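Engineer: Construct the entire structure; sequences and hints are all you get.
Note that my numbering numbers the sequence shown so that position 186 is 249, with each residue one more than the last.
Among these hints, one or two may not hold up.
Stated by the list, open to error - In silico DSSO-like links for lysine-lysine, alpha-carbon gap of 27 Å or less: (1) K237 x K188; (2) K188 x K224; (3) K237 x K224.
Said to hold, decoys possible - DEER-style ranges, computed between Cβ atoms: (4) D135 x Q234: 17 to 27 Å; (5) G242 x L137: 38 to 48 Å; (6) A126 x A219: 31 to 41 Å; (7) M84 x F205: 40 to 50 Å.
Treat the hints as calculated values from the structure; they're not laboratory data.
As the structure is a computational prediction, the values presented were derived from the model and not from experiment.
Glycine residues also receive a C-beta, built at the ideal position from the N, C-alpha and C atoms.
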Amino acid sequence: TDRGTAESGRRRRGVRPSQLMRVAVTGASGLLAAAIIRELSRAGNVFPLDRASLDVSDRAACARVVGEIRPDVLVNCAAHNDVVRRNLLAFHGREITTTGDGFLATFDGPARGVRCAEAIASGVKPLGIEIRAGLHTGEVAFEGDDVAGLGVAIGARVGAKAGASEVLVSQTVKDLVAGSGLNFEDA
Numbered sequence: 064t065d066r067g068t069a070e071s072g073r074r075r076r077g078v079r080p081s082q083l084m085r086v087a088v089t090g091a092s093g094l095l096a097a098a099i100i101r102e103l104s105r106a107g108n109v110f111p112l113d114r115a116s117l118d119v120s121d122r123a124a125c126a127r128v129v130g131e132i133r134p135d136v137l138v139n140c141a142a143h144n145d146v147v148r149r150n151l152l153a154f155h156g157r158e159i160t161t162t163g164d165g166f167l168a169t170f171d172g173p174a175r176g177v178r179c180a181e182a183i184a185s186g187v188k189p190l191g192i193e194i195r196a197g198l199h200t201g202e203v204a205f206e207g208d209d210v211a212g213l214g215v216a217i218g219a220r221v222g223a224k225a226g227a228s229e230v231l232v233s234q235t236v237k238d239l240v241a242g243s244g245l246n247f248e249d250a
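Structural biologist: If you want it as structure tokens, here you go:
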């Protein structure tokens with residue numbers, strides 16, 4: 064009789080009784096992934112994968128990393144980021160930075176920004192995620208790869224007031240997109 068089988072009684076397929084469970088978590092820089100990593104670290108070997116270590120939109124890279132890690136479980140927390148980045152690309156947005164589970168992006172026009180935010184909100188809803196988006200248009204100062212200035216601060220304040228699945232814009236944005244076909248409700 065196989066010694067491993069005798070010691071563990073029935074052996075379940077794929078379970079290694081003498082080893083901890085191996086869990087790969089994508090989107091490791093986000094808040095959801097951080098909480099999952101913290102909890103799962105108690106029960107097994109956790110392999111956090113951020114965008115620098117794995118671009119989930121690259122199938123070959125995914126296959127390579129999964130082949131190297133050989134996880135028992137793969138938890139994809141990067142789906143939200145993938146939806147955001149695909150829409151930024153589609154609407155010609157420029158990702159400036161991420162803030163845990165948030166993004167700061169710039170656009171060449173306010174209507175594109177509004178349409179992108181609406182597309183992101185619709186795109187993540189099937190994932191069970193509700194986003195809040197705030198948009199303002201104004202002058203910003205580019206400082207290396209970052210942006211700063213009053214326009215950024217106003218945009219952050221507008222976003223903080225948005226509700227779940229809501230795209231909230233400043234009056235400046237509303238005025239500038241008049242005639243674009245976008246409709247707004249008064250807040």
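Engineer: Which of the stated hints cannot be reconciled with the structure, identified by number in ascending sequence?
Structural biologist: When the structure is compared with the hints, only number 4 turns out to be violated.
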